[in-house]
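Asker: Please build the complete structure, drawing on both the sequences and the hints.
The lines below spell out each chain.
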Amino acid sequence: MTADTDWNFTSDTLHRQTTASPFRINYSPTQVSASGSDATSAESHVCLQVSSLSAGYGQSRILKDVSFCAKQGEITGLLGPNGCGKTTLLRALCRQLPFTGSCCLNGRPLEQLTSRQLARQISYIPQRSGIAISMPVTDVVLMGFNPVLGLLEQPSRAQKVKARGALHAVGLESYAGQDYLTLSEGQKQLCILARTIVEDASLLLLDEPESSLDFPHRHRIMELLTEIIRGQDSSCADGNQLNEVHRNQRTLFPGKAALVTLHDPQLALEYCGRLVLLKDGVCTAILHPATDSLTDMEAALSEVYGPVRLRAIEENGGRSLILLPRA
Amino acid sequence: MRTEQRQNTKQNMHLSQQNQANLSAHPECCPDSAMQRSAAPLYLSALLLLTACAVSLLAGKYPLSPEKILAGNAMQLRVLLTLRIPRTLMAVLGGFALGAAGFVFQTVFRNPLAAPDMIGVSSGASAGAAFAILFLPASAAAVTLSAFAGGLLAVGIALGLASAAGGYDGRLRLRRYSRRTASAGSGSIVLAGIAVHSLAQTVLMVLKLTADPERQLASIEYWIMGSLNAITLGRIPFYCAVCAIGLAGLFLLHRQIILLSVDEAEARMLGVPVGRMRLLILLLATLVVASVISVTGVISFIGLLAPHIARLLTRDNRLHTLTLSGLLGGILLTAADILARTAAASELPVSIFTSLLGAPFLLYLIMGGNGGERHDC
Numbered sequence: 001m002t003a004d005t006d007w008n009f010t011s012d013t014l015h016r017q018t019t020a021s022p023f024r025i026n027y028s029p030t031q032v033s034a035s036g037s038d039a040t041s042a043e044s045h046v047c048l049q050v051s052s053l054s055a056g057y058g059q060s061r062i063l064k065d066v067s068f069c070a071k072q073g074e075i076t077g078l079l080g081p082n083g084c085g086k087t088t089l090l091r092a093l094c095r096q097l098p099f100t101g102s103c104c105l106n107g108r109p110l111e112q113l114t115s116r117q118l119a120r121q122i123s124y125i126p127q128r129s130g131i132a133i134s135m136p137v138t139d140v141v142l143m144g145f146n147p148v149l150g151l152l153e154q155p156s157r158a159q160k161v162k163a164r165g166a167l168h169a170v171g172l173e174s175y176a177g178q179d180y181l182t183l184s185e186g187q188k189q190l191c192i193l194a195r196t197i198v199e200d201a202s203l204l205l206l207d208e209p210e211s212s213l214d215f216p217h218r219h220r221i222m223e224l225l226t227e228i229i230r231g232q233d234s235s236c237a238d239g240n241q242l243n244e245v246h247r248n249q250r251t252l253f254p255g256k257a258a259l260v261t262l263h264d265p266q267l268a269l270e271y272c273g274r275l276v277l278l279k280d281g282v283c284t285a286i287l288h289p290a291t292d293s294l295t296d297m298e299a300a301l302s303e304v305y306g307p308v309r310l311r312a313i314e315e316n317g318g319r320s321l322i323l324l325p326r327a
Numbered sequence: 328m329r330t331e332q333r334q335n336t337k338q339n340m341h342l343s344q345q346n347q348a349n350l351s352a353h354p355e356c357c358p359d360s361a362m363q364r365s366a367a368p369l370y371l372s373a374l375l376l377l378t379a380c381a382v383s384l385l386a387g388k389y390p391l392s393p394e395k396i397l398a399g400n401a402m403q404l405r406v407l408l409t410l411r412i413p414r415t416l417m418a419v420l421g422g423f424a425l426g427a428a429g430f431v432f433q434t435v436f437r438n439p440l441a442a443p444d445m446i447g448v449s450s451g452a453s454a455g456a457a458f459a460i461l462f463l464p465a466s467a468a469a470v471t472l473s474a475f476a477g478g479l480l481a482v483g484i485a486l487g488l489a490s491a492a493g494g495y496d497g498r499l500r501l502r503r504y505s506r507r508t509a510s511a512g513s514g515s516i517v518l519a520g521i522a523v524h525s526l527a528q529t530v531l532m533v534l535k536l537t538a539d540p541e542r543q544l545a546s547i548e549y550w551i552m553g554s555l556n557a558i559t560l561g562r563i564p565f566y567c568a569v570c571a572i573g574l575a576g577l578f579l580l581h582r583q584i585i586l587l588s589v590d591e592a593e594a595r596m597l598g599v600p601v602g603r604m605r606l607l608i609l610l611l612a613t614l615v616v617a618s619v620i621s622v623t624g625v626i627s628f629i630g631l632l633a634p635h636i637a638r639l640l641t642r643d644n645r646l647h648t649l650t651l652s653g654l655l656g657g658i659l660l661t662a663a664d665i666l667a668r669t670a671a672a673s674e675l676p677v678s679i680f681t682s683l684l685g686a687p688f689l690l691y692l693i694m695g696g697n698g699g700e701r702h703d704c
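Protein chains in written order, with the working numbering: chain A, 1 to 327; chain B, 328 to 704.
Since the hints were made in silico from the structure, they are not lab data. Bear in mind that the values here come from a model prediction, so they are computed numbers and not experimental data. Treat the hints with care, since some could be wrong.
[To be verified] A few chain A residues that face chain B, going by a derived Cβ cut-off under 8 Å, partial list only: (1) L113; (2) S115; (3) A119; (4) Q154; (5) Y175.
[What the hints assert, rightly or not] Quick list of simulated restraints, FRET-style, between CB atoms: (6) A:T100 / B:G487: 30 to 36 Å; (7) A:G107 / B:F688: 56 to 62 Å; (8) A:C104 / B:V533: 55 to 61 Å; (9) B:G487 / A:Q117: 27 to 33 Å; (10) B:L607 / A:S52: 34 to 40 Å; (11) B:A367 / A:P216: 50 to 56 Å; (12) A:E173 / B:I693: 55 to 61 Å; (13) B:A468 / A:S115: 56 to 62 Å; (14) A:T100 / B:A367: 34 to 40 Å.
Glycine residues also receive a C-beta, built at the ideal position from the N, C-alpha and C atoms.
Answerer: Below, the structure is given as C-alpha cells:
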C-alpha cells in the first residue's frame, strides 16, 4: 500500500509540521490513488519525466525510446538482466552520455542545467564509491556539501553538525573519525548514503546499491532510502541542536525521488513504488507492485527474466510479494 | 640570552604549528585521540626542520660558529648571508615544495607511484638547462630560466595533448561518445606525460651529443644530478615567489584535490568540474616543481618519499598530511644537502642523499615500525 501512496507535499505544511514536532514524520498522505496510473492530480509530483530517451556508446544505441517518470516520495526501480541498459540510463541522466529524447527534472529539461545545478539537484550513488585514499568518514560525508560550497570555501560548523546528524541517521556516528577505507562494504554504502542525505538533492540515482551487500545491509539501505526520499530523514528526530540546524537548513524540496537500478527483483518488489522493466534497451512494462494484479506482474517479469512465479503473502493488511523460479 | 631567544621563537613556531593542526582537524567531528595522534608528527617534524635549518646554516666547508657571527666577524657574516642563508632557504622551500607537490600528484592520479616528474617536468627542465648550457651566454641565471621554461613547456605540451586527445581513461577503453565530457582523463594525462618525457629525453640526448665533452657535457650532467651549490640570494627571489604562489594555491585548493581522488563520474556529480580542476591543480603543482628544480637541478625521490612517509604517520589525506608532506620534504632536502657538502672533500649531488635518507625510513614504516597498522595509500 504505502509504496503507491501519493504524498501531498507543500513546503508550507512541511515547515509547519517540522517546527511543531520534530519527532513527527513530515509527510502527510492525503490521497491514496486506487490504481497506480499517473493520475493528473499527481502531475505536480513528478520529479523526473523521461520521454522517448535513446542513448548509447559511440554508434551503438543501447537504450531505445524509453519513457517513464519518477515521482517524489517514491522509489522507482529499474529492473532487467545484465546489459539491458540500466546503467546506461543512469549515465545518460548524469549527462555522461549524449542522448536523444527529453528528460525533465522538476519541469526543466536536463540540457538546460549547468553542471553545478545538475550536481545540486541530482545525487549519484555508484555501485561502489570510487574513494581510493584514506580519509575520515566525516570527510566523506562533508563532500556532499561541495555543490553548495564556493571553490575555496570550507564546510561551516553548521554543515559539520549536519554531517554528524546524517551519520547518526545511518547509524555510523561512532565511526565518524575512522578511516573510510577500513569500513566494511555495507558501512561504506551507508556512509555514501549519509553523504546523499547532506546533499539534499531532489533526485537520487543509485546504481545497484545492493550488489555487494549482505542481507541485513540490503534491507537497511533500502529502508533508509525510503526514509530519505519521504523527507523523513531520521536525523531530524534526534536531539535539539541537530534539529535546529536541520530545520533551518532544510531546503524547500518537499520530497525526493529515487531512481534505483537493482539486481534483485525481490528487493525491488518490496521497496519500489514503481518498477521500470528493461529488456535489450527497451522498456517492456511499468509495474506498480502495490496495486497491480499478480498475474500481470508475473507475466511482465517472466518476459524479462524468463519464466518466474510470483506469490503474495497477506500480512497486517498489506501484501508481500515473493518471486520464485518456475517449478 | 640569545639561545634563550631562539628557543622562544622555536616554541612560538611550535604553538603556531599546533594551532594550525588543530584548525585543520575538525574538532567537533573526530575523537580527541585521533586529533592528538595527527598533531604530534606535525609538531615533531617542524622541530626537526628547525634543527636541520640551524645545522645547515652552520655546517659546511667553512664552518660557522654562532659566537663568531655574533661577535661580528666579517668573514663569517658574509658566508652566512651570501651562501648559507640562500642555500638553506632553498633547501627548506624546495624540499617543502617537492614533498607537497608529490602529495598532490599521488592524490590526483590516485597512483602511489606518481611523482612530480611523471608528466615530464624534470626531463623538460633538464633539456632546457642543457640548451642554455650549450647555446646561451654562460650565466647561472640563463640556465635557470631556460630550465624553468623547458619544464613548463614540456608539461604544457603533455596537458595540451591530453586535452586534445580527450577521453582515454587508462582502462583500455576508448571513450568517444561525448564531446562535452572530452576532458583529459587522468590516464591520458599520464600517457601524454610519458610521451613528452621520452621526447624531452631524446632532445636532451641530441644536445648532449653535440656538447663539448670536456666542459659542456660535464656541466649538463652535473646540473641533472642536482645540487644546492652555487645558489645566491640574487638568483632565487623570482623562483621562490612563483613557488610560494603555487604552494598557496595548492593549499587553498586542498578540498578539491581530495575530491579529484574520487571516481570521475562521482566527482562530477558532486559538483567538481573535473577536467578543468585537474588541469588547474596539475599546472599549479608543475609551477611549484619547475620553480624548484630549475634552480637546484633534478632532485629525485623527495616527491615520492615524503608523501608516503606523511601518510604512514597520519594515516589519512587531510590538510595536515599535505603540510606534513611538505615539512618532511624540507627535512629530507635540508639534511641531504648538509650531508652533500660535508660527507666528502668535494661537493656531492644531493639526490644521492635524499634517497639514502628517505628510503630506509620509508622501509621502516612499511615494515611496521609504526605499530604495524594497516596502510592504504
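Asker: Can you name, in rising order, the numbers of the hints this structure does not satisfy?
Answerer: Violated hints (numbers, rising): 1, 5, 11, 12, 13, 14; every other hint is consistent with the structure.
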